[in-house]
Every structure is written in C-alpha cells, then in structure tokens.
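Note that the numbering used here has the sequence shown beginning at 1, numbered continuously upward.
These are calculated hints, taken from the structure and not from any lab test. Predicted model only: the values in this text are computed from it and were never measured. Any given hint might turn out to be false.
[To be verified] Quick list of in silico lysine-lysine cross-link-like pairs, DSSO-like style, CA-CA up to 27 Å:
#1 K147 / K166
#2 K22 / K59
#3 K168 / K144
#4 K123 / K59
#5 K123 / K168
#6 K166 / K22
#7 K144 / K166
#8 K123 / K144
#9 K147 / K168
#10 K31 / K59
#11 K147 / K123
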Amino acid sequence: MLHRHSSRKRTRRRKEEQPMHKYLILDSSGKPLMRGTMRQALHGGVCRMELEHEEDAEKLVPGELFQLMGIRDGNFAEVRFLRGRGESAEFEMVRMLDSGIRQNLRIPVRFESFLYPISGSWKGRAAIVSRDLSCGGIAFLSEKQLKVGEICEIVIPVTTEPLVLKLKILRAGEAGEDGIPYAAEFQEMVHEEESMVREAVFGLQLELDRVSADTLPSF
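Could you put together the complete structure from these sequences and hints?
Written out as structure tokens, the structure reads:
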C-alpha cells in the first residue's frame, strides 16, 4: 500500500511540474486578441486552454474560427472555438498554418538602441530608433550610412532580458529629417532568442489595443 501511495504522489507531482505552453489567440484575420496556456502542446482534436483573464471568453463566439500561435514552440494553427466557461476555453483543431506568417507580424514600436559593426569597415557604434519589430526582423532609422547586405549586431531592449542579435541590412530608403530608414532581417537566431522576440512582439501587439492607434509605445 505504501508503494502504491508513493507512486500516486510521484505521478501527481509529475503532472504539477509539467511545463505550461503559452499561446496567443488571434481572430481569423490575424489580429491578436488574448493569451492563454495549455498543459499540452497544440495537437489534433480538442484542446483545452486556460485564458489569461476570465472576461476574455466573452470575446469568443462558439463555432467561429480563430488562430493559435505558440509563443515558445512556434506552432501555428487554425482552430474552431467550441465552448468556454470562466477562464477555460475549448478549441477544435482545423488545420496547421504556415509558420512563416508569424514572421511577418510587424508591430509598430519605438525604442532607442545601438548597432555594432561585424562586416562593415566602420568602428564604434551607431544610434538607431526603431520603427517596427517582427519575429523575423526590424525596421529602424539611423543617421549612419549602412550598405545593403551589411551584417551588424543590435541590442533589442523590449524582450524580458535585453538581447544582442545579429542582423542583415535588406533595404535602405531615402534620408529624411529623422535619418535613413532601414529594413533588416535577424540572422542565426537560436530557439531561445526566437521565443523571447516572439513573446515581446505578441505582448506589444496586445498592448497596442489598449492605447491610441496614433501613438507608438515607447521603451
């Protein structure tokens, strides 16, 4: 009897220690609505999720299609909302979606940071002001003249901990009063870095719903 009791305690402890999988819930057009967690990663069939706020369930209509995007695992799927009660919601898997879509979710955000050269011939650091951020790259303004294809490092301050990421300059626009506009793609990101940027992007998108559309959140 003692052995069976200990076994049950170990099983219960394992269940309690299972990592929670964080997801962003988007409407069918891709607009982020809310966040939730599941004890299991997204899979076929019916999935049960705990929503961040109890009132979030009121935004979900039974039978309507939504999108679930994994904040850490990167899974992306179309689901149908079945029912909800309190903070709990049940979704039915419809189909997996192209994970490349999440890379293009660009969030307007303004922060000041610096670039450091890797392939360029210049030295020191160059100040930048961000314009938008996505899971795959960043648009920014800088007075520094950079070449398309140049590789730099950038400090991203809006993640849970500041990240130093490698990027490649993809495009450069015409210089204006605020500097030269650039578009850059992140390079050689490891899984943990991708997860941190993804979580920051999703969090910023949800925050945008709470502020004026004419005001960029600043950090």
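| Which of the listed hints are broken here? | 4
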